[in-house]
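Listed here are the chains, written in short residue letters.
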Amino acid sequence: MLAQIRTVDPPPPPSAGDFVAFEVKSTLGALDNPPGLSRAQRDREVFVETRLKRALEGSGSYPALSDADADFIEDALSALEDSAMHFRKIGIRMDHSGALASTGGKPAMEMTAWQ
Amino acid sequence: MAVECNNPRQPKIEFAVLLEYLATRSDRVDHMIQRSHRRMADWYQAPGPTPTKAIRAAEYISEAEIGLALADQRFHLGQLFAHAAISFLVDYSRNLTRLDGSRKGPVGLWSNAFAIVDCLSAGRFNNAQILRDQAVQLLNQRAYKAQELYAEDLELQKDPENYVEIIPQRLFVFAHELMGQRAGQEKQPWEIWDIVGDQDYIKAARAVYTEDMDEAAQTLCQLCNLHVQYSNPFPADDENDHLIGFEFDTPIRAIWPTEIFAWLRLRQERGLPLPEVEHPLLDQPLGRFEPNIPTQWEYKPWFVELVQKLVAYHPRYADLPRMVFEQP
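Residue numbers (the numbering used here), protein chains in the order written: chain A, 71 to 185; chain B, 9 to 336.
Derived by calculation from the structure, the hints in this document are not laboratory data. Any given hint could be a false lead.
[Claimed, not checked] With a Cα cut of at most 25 Å, we get these calculated DSS-like pairs of lysine-lysine:
1. Lys20(B) to Lys123(A)
2. Lys166(B) to Lys153(B)
3. Lys153(B) to Lys195(B)
4. Lys195(B) to Lys211(B)
5. Lys123(A) to Lys166(B)
Because the structure is a prediction, the values reported are computed rather than measured.
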């Protein structure tokens with residue numbers, strides 16, 4: 071799987087200090103035509119922004135933050151607003167056994183990548 | 009005589025519950041306000057390439073102070089009016105950064121809409137017009153990310169194999185249709201701008217200057233119901249935020265219908281009679297329309313300082329004191 075991911079345009083490796091986060095979306099029960107990402111997930115900047123804001127406000131299950139953590143998130147939010155943060159989104163489709171049946175039995179995953 | 013609304017929706021949070029909730033958070037919010045003041049001072053010491061850090065702090069303080077005042081029972085209307093001034097500053101500054109740097113802002117439509125209706129509701133008509141003009145410029149430059157997404161969605165929708173749910177803009181189209189009506193424009197070119205708008209809100213905004221009092225009352229009732237429908241006071245997970253259809257997603261916004269005040273304020277500006285309706289949303293302390301615009305505005309010292317610092321920071325803020333303090 072990692073080898074196949076490498077066949078897609080490789081993004082530059084993360085540098086020390088880069089913030090890396092993943093969000094996995096399951097599309098249960100849809101083999102041939104899995105649902106797309108919701109609007110909230112497609113607009114990645116806003117998606118990340120809402121999560122950072124929730125963490126900052128300590129809403130839901132987010133724990134209360136120390137001042138240093140809160141400052142870090144504030145800085146991240148400011149950077150986001152100034153378009154100083156960059157996101158990549160990669161979509162991988164496979165079925166629930168992980169057998170990649172969604173590509174019609176082809177031995178490769180269907181992958182899309184956006185810069 | 010007040011018209012009774014058909015099927016009025018009950019607001020999703022009661023005023024008493026809101027106060028209780030705010031009281032439990034007041035210590036934390038107080039702490040966050042102090043922190044925001046510190047961040048603003050940090051920016052004064054070492055301004056970065058943009059004023060974002062200070063602007064974000066100002067935005068937080070303004071909203072949090074309303075909450076604190078409500079929690080301490082020392083809330084008064086002047087605060088709502090002062091909040092409109094800060095809303096203007098925040099959105100104006102963000103738009104300037106966006107227009108200047110030709111960047112695609114990560115946010116935009118939603119915050120612009122709130123800033124415009126807040127300014128209108130407080131009678132800051134010139135400020136609202138400035139924000140409107142900036143937004144139109146950004147729309148024409150296709151600088152809003154949402155425009156791209158809508159265009160993509162509409163394209164995808166042409167293939168029946170694709171399931172595409174399009175969530176329309178509500179407050180944004182409402183605010184801009186209102187501004188359009190004020191400027192005598194019949195409608196806004198949403199198709200050209202690639203924005204999908206909620207028809208109910210568009211219709212309500214276009215009826216703002218109606219002389220038929222029945223229609224005015226019905227529109228007002230509908231605006232109240234729409235406000236309740238699209239409010240969610242305690243967003244907790246993915247399904248609850250403005251990206252998927254809830255416009256009013258804080259406890260205070262859920263029962264503080266500034267877009268309705270904006271609608272009423274525009275009628276008042278033209279000297280048209282204001283419809284009176286009975287609706288639970290308007291029948292609570294935050295739902296009352298204040299007919300008198302203050303002649304003397306109360307500005308917080310930190311806000312005045314921020315404006316001065318911005319003027320010193322970059323020449324493009326030179327007009328700011330006039331816009332904010334002299335001709336709101």
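Run the distance test for lysine 20(B) versus lysine 123(A): straight-line Cα separation, threshold 25 Å. Answer holds: lysine 20(B) to lysine 123(A) is near 23 Å, not above 25 Å.
Lysine 153(B) paired with lysine 195(B) [C-alpha distance capped at 25 Å]: The hint holds at about 23 Å.
If you draw a straight line from the CA of lysine 195(B) to the CA of lysine 211(B), is it 25 Å or shorter? holds, 10 Å
Between the alpha carbons of lysine 123(A) and lysine 166(B), is the straight-line distance 25 Å or under? violated, 35 Å
For the pair supplied as a hint, lysine 166(B) and lysine 153(B), confirm whether the alpha-carbon distance does not exceed 25 Å. It holds: about 21 Å lies between the C-alpha atoms, which stays within 25 Å.
Hint 5 alone, counting from the list given before, is not met by this structure.
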